[in-house]
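Asker: Sequence:
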Amino acid sequence: MSNKSVISVITAALVLAGCVFQVNSAPLEHSRQQLNLDSASLNALKANTGAGELVIMGVPGLDRIEVEADIYTRTDIPAILTLERDGKHAKLEARFEEHAYKGNSPYIDLLVKVPAELALDINDGSGAIRIGSVDADISVNDGSGELEIRGGRNIDISDGSGDLLVEGSKGKINITDGSGDIKVHKTGADVTVTDGSGSMVLTDIGGLVTLSDGSGNIEVHNTQGLTVLSAGSGGIKYDSINGPVNLR
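Numbering (mature numbering (1 follows the signal peptide of the UniProt record, and there is no 0)), first residue to last: -25 to -1, 1 to 223.
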């Protein structure tokens, strides 16, 4: 094959690849939906959310759950978006069917307002999660993305990847984390962290701190006790520990 023929074949392949790329990368269409549910007699919100940002705000005195959803998808990929009562719980679904998407993947950004005393049980796929001003127990199972919780009582977190911040909680905190930096500040009770990788900084903890760490630096300041069950790699710094210190 001549050099000119080879160049022609390569050029045609590049053009074809470019056309396929453009077709698969069609822009997502945006729509907005709002959902409301009377919260009378409800004690928790259970949310199953996929890709997209999730913001949950507790509002004192609010008598309903309000959801504002910004949906980014295509006409051939319908969104699943529901808010329903299930006994004493509210159930929020915001996701898409399991599918091997080509090009731009659809996602849903959510702003959720709840009564401040409503407990939360969150199962999230990917995207940042921000929870604020909730005065109740919070459970989060998160795949990936940043996670911030400001407030809350007892908090239980299972996190795949992404930085994590917990601040101002009143109850016990239990964190199981794959990767990403962890910061815990100004809490009222014991904190237990099992971490794969990433740095940890814990300050002003109103109870005992128990840590198991794979890799990353650890800093602990002003707690009622410190136990490090394991520390794979990285330095450990601590001060103002008002109780026993046990470094294994």
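Honestly, the hints are just simulated from the structure, not real lab data.
This one's a predicted model, so the numbers in the text were calculated from it and none came from an experiment.
Careful, some of the hints might be misleading.
What the hints assert, rightly or not - Using 30 Å as the maximum straight-line C-alpha spacing, the simulated DSBU-like pairs for lysine-lysine come out as follows: (1) Lys147 to Lys158; (2) Lys88 to Lys21; (3) Lys161 to Lys147; (4) Lys212 to Lys161; (5) Lys212 to Lys21; (6) Lys88 to Lys212; (7) Lys147 to Lys66; (8) Lys145 to Lys212; (9) Lys145 to Lys88; (10) Lys88 to Lys66; (11) Lys212 to Lys158; (12) Lys21 to Lys66; (13) Lys21 to Lys161; (14) Lys63 to Lys88; (15) Lys158 to Lys145; (16) Lys145 to Lys63; (17) Lys88 to Lys158; (18) Lys63 to Lys21; (19) Lys147 to Lys88.
Asker: A separate judgement is required for each hint: does it hold in the structure or not?
Answerer: Evaluation of the provided hints:
1. Lys147 to Lys158: 15 Å, holds
2. Lys88 to Lys21: Holds - the C-alpha atoms of Lys21 and Lys88 are around 13 Å apart, at most 30 Å.
3. Lys161 to Lys147: Holds, because 12 Å separates the two Cα atoms, which is no more than 30 Å.
4. Lys212 to Lys161: 18 Å, holds
5. Lys212 to Lys21: Measuring from Cα to Cα gives roughly 38 Å; hence the hint is violated.
6. Lys88 to Lys212: Violated, because 39 Å separates the two Cα atoms, which is more than 30 Å.
7. Lys147 to Lys66: Measuring from Cα to Cα gives roughly 25 Å; hence the hint holds.
8. Lys145 to Lys212: 25 Å, holds
9. Lys145 to Lys88: 21 Å, holds
10. Lys88 to Lys66: 14 Å, holds
11. Lys212 to Lys158: 14 Å, holds
12. Lys21 to Lys66: 5 Å, holds
13. Lys21 to Lys161: 27 Å, holds
14. Lys63 to Lys88: 18 Å, holds
15. Lys158 to Lys145: Holds, because 16 Å separates the two Cα atoms, which is no more than 30 Å.
16. Lys145 to Lys63: 24 Å, holds
17. Lys88 to Lys158: 25 Å, holds
18. Lys63 to Lys21: 10 Å, holds
19. Lys147 to Lys88: Roughly 24 Å separates the two Cα atoms, so the pair holds.
Checked against the numbered hints listed earlier, the structure breaks hints 5, 6; every other hint is satisfied.
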